[in-house]
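Enquirer: The hints should help you fit chain B onto chain R, whose structure is shown.
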Amino acid sequence: MQPTVALRVARYRPEQESEPTFQTYEVPFRKDWVVLDALNYVKDKLDGSLSFRWSCRMGVCGSCGMKVNGSPKLTCAAFLSDSMPGPIRVEPMDYFPVVRDLVVDITDFMRKLKKVKPWIIREHERPLAEGEYRQTPDELDTYKQFSMCINCMLCYSACPIYGLEPSFIGPAAIALAQRYNMDSRDEAARERLEILSEHDGIWQCTFVGECTKVCPKHVDPAGAIQRYKLTGAAHWLKTFLLPGAAR
Amino acid sequence: MDLFTCDLLVVGGGGAGLRAAIAVAETHPRLRVAVISKVYPMRSHTVSAEGGAAAVIKAGDSLDEHAYDTISGGDWLCDQDAVEAFVREAPEEMLRLEHWGCPWSREPDGHIAVRPFGGMKIQRTWFAADKTGFHMLHTLFQTSLKYDAIQRYDEFFVTKLLVDEGHCRGVVAIELSTGKIQAITAKAVILCTGGCGKIFPFTTNANIKNGDGMALAYRAGAPLKDMEFVQYHPTGLPFTGILITEAARSEGGWLLNKEGYRYLQDYDLGKPEPKPVLRSMELGPRDRLSQAFVKEQEKGRTLEGPYGHYVHLDVRHLGEKVIDKKIPFVRELCLKYMNIDPVKEMIPVRPVVHYMMGGISTDAHGATPLPGLYAAGEAACVSINGANRLGSNSLTEILVFGARAGKAAAAFAAEQAQPDPSILTQAHDEQRRLEEKFLRKTGGRERIATLRAEMHETMEESAGIYRAGASLEKAVEKLQSLQERFHDLTLDDRSYTFNTELTAALELSFMLDGAEAIVQSARKRRESRGSHQRTDYPKRDDKEFLGHSLAYRAVDGPPRIEYLPVTITRWPPGQRVYGR
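Keeping their order, the protein sequence lines are chains R and B. Numbers given in our numbering equal positions in the first sequence, counted from 1, plus 311. Numbers given in our numbering equal positions in the second sequence, counted from 1, plus 314.
Treat the hints with care, since some could be wrong.
[Claimed, not checked] As a list, the in silico DSS-like pairs of lysine-lysine whose alpha-carbon atoms are at most 25 angstroms apart: (1) R:K378 with B:K460; (2) B:K589 with B:K658; (3) B:K639 with R:K524; (4) R:K426 with B:K460; (5) B:K639 with R:K528; (6) B:K460 with R:K455; (7) R:K528 with B:K658; (8) B:K650 with R:K425; (9) B:K650 with R:K528; (10) B:K474 with R:K524; (11) R:K540 with R:K428.
Please keep in mind that the hints were generated in silico from the structure rather than gathered at the bench.
This is chain R alone, in the form it adopts within the complex:
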């Protein structure tokens, strides 16, 4: 007989329920199935009304982040076999408003991402006819890690500061700001530093490091934030102490 496993899935349909409830589904257990495969089994065979986002099923589109047994995970990379014998609890990510079932509202992040100006800014744009900006493999390596962010939101869902202080610009946005700051083609690190310093939160980050632990792409947002604090502090020292020293 095909072995099965119980999925305990958080449901919330705002037209029907005033608060989230759980519903349990019995799904086949297969060694090569991930939680997302089990959710699709539910949707196809058992209950078409369960809503969740997914697309690539290969860990690069960033759509299918949820909480599996309490931890934020990409469900396309969370094998059922890692949670046996079950039941496996599947919930929407923390700290985002729940739209419906496992779907959360990420508009807050979309706004914050734009705020950090995640694009190349230069005083003088070189004409295309002059070819590429040279960038050595070492220069590429300095920012490459931060360019790997897939915007899956697991880091926000894991961040206790974001939970307490929703205006905190958050791990992914800071990592992406850093991605451009450290790119040899960019000249706007100072501008971004000022943007980040204006916002609450960067100083509140206590280097819990949860963001880095849950990142499926090994981006290390915590490292980016620490680096920012150092640059930010140096910047602050220069602005406030040096004029004093010069007096």
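Expert: Frame of chain R; chain B shown alone:
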């Protein structure tokens, strides 16, 4: 019903759509351009492309060589004027992306690095490790944020094009978070919705690849071109369809049958050398490699697992260092999804549907025959891909033709008046249809998943790597009956909030239209060319079929097929020769 207006509406926020929107913002900064997409732009399927993007940049390469590789790879079904424009504009588009911050892999001195790719005689594939599409998409998306003229409708699902007096004037869309059905009018619309690989059971394509734009255009009366040409990628993981990039072979990977034999040498693809040779063996074109797999299977020389037949891709001899440096994503995917380490073990692979050469028929500026409607990227068929697309041309295509469509549509829109408000009647009709047929529908017996599975089976059997008249004929009838059964759907979800059962039903309906166009076009093309191989007509027939098929939607029954001549400029049809 809410009404939004903009000057120009781009449907789809992948590479082609974002490039088009930026082109509009840069060339016509006063136009209000909007990008509407059923997913957040950075979720678009461009994100999954791995290998790279072709453009001539190195000494020793030439535009003519790139054009010739493309045209011969496409088995002479490419429009050569479009290919010439494509290869000419490719380097500039790629450099522009470099200026926008794309983290291209580099040579030690800081210049752009290129790698070899299947079907290309000279190395000209730019890459960003093996996440090229991911980096291109995020660079385009993040760059698009700096243009205030670009407005976005994220997670809006387009259900219909508004067409008035023979002009496309906007769309009707569902805002997923609220279920509100809304009209968005525009002076021009560009469809950049990608392909429709999900019509097939084994595919590298993401869940969102349902041919939405193709079906929208088709229903509005625009023809779909060359839909019979479906590209199989020779190396996908069984079950998940996850793609193992061609780069695994261009770095030196071997394809082995169950006897450990490099079987491609038996299929006129050259001799096995220890090191990779361009346009030879494992670096032959995708269609020929996929066809060789079927022949091996027929000879009983493939392996068999829980998800059908497969062969082995062996990269062990490259060693851990090279694997981690050149194809790290391949190792990551195998470890994460198959629990296999390619450093120590062989990777099971099989051909999987990867790309649609066909799509909405456009000219070289992205214009469809329906005034005001444009298309670019995989959703469109210009055609630079002919009967078989070369690896690493599609990422370049989204830039070149995304930009072209954006500019052309902007110039068109700048001359147009706002649509007449009377067009809202159509939008109200569409709202009524969605509510009656789906949201308030009761009864019904058919589940979405059942119809989808039957469509998959039909397509795999009739329109797979090899096709024949009799099975295509049967498939036409089967698809007709699926279309009828679709009206008898049973739906569990009546909610207006993020109703993904509703979108899955609409996507299934789009796919059934796409499937019909594929099958009917394949049935009518009684020859073998590129990816379209007929066992009953095994030869290419330039006398009868050196032409693009155009599938027009019929009121009743399968589509009507017409043909359009291929544009030949400097390369008369010849033989496709690989490995010698």
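Enquirer: It remains to establish, for every hint, whether it holds in the given structure.
Expert: Structure-based check of each hint:
Distance restraint check for R:K378 and B:K460: the Cα-Cα separation of roughly 33 angstroms exceeds the 25 angstroms cut-off, and the hinted pair is therefore not satisfied. The straight-line distance between the Cα atoms of B:K589 and B:K658 is roughly 19 angstroms, inside the 25 angstroms bound, and the hint therefore holds. Among the hinted pairs, B:K639 with R:K524 is consistent with the structure: their alpha-carbon atoms are about 24 angstroms apart, no more than 25 angstroms. The suggested pairing of R:K426 with B:K460 holds, with an alpha-carbon distance near 10 angstroms, which does not exceed 25 angstroms.
Distance hint between B:K639 and R:K528 is fulfilled; the C-alpha atoms sit about 16 angstroms from each other, no more than 25 angstroms. Of the pairs offered as hints, the one joining B:K460 and R:K455 holds, with about 21 angstroms between alpha carbons and a cut-off of 25 angstroms not exceeded. About 23 angstroms separates the Cα atoms of R:K528 and B:K658, which keeps this hinted pair within 25 angstroms; it holds. For the given pair, B:K650 sits about 32 angstroms from R:K425 by alpha-carbon distance, which is inconsistent with the 25 angstroms threshold.
At roughly 12 angstroms between alpha-carbon atoms, B:K650 and R:K528 fall within 25 angstroms of each other, so this suggested pair holds. Proposed proximity of B:K474 and R:K524 is contradicted: the alpha carbons are some 44 angstroms apart, above 25 angstroms. The straight-line distance between the Cα atoms of R:K540 and R:K428 is roughly 18 angstroms, inside the 25 angstroms bound, and the hint therefore holds.
In the structure shown, a violation is registered for the earlier hints numbered 1, 8 and 10, in ascending order.
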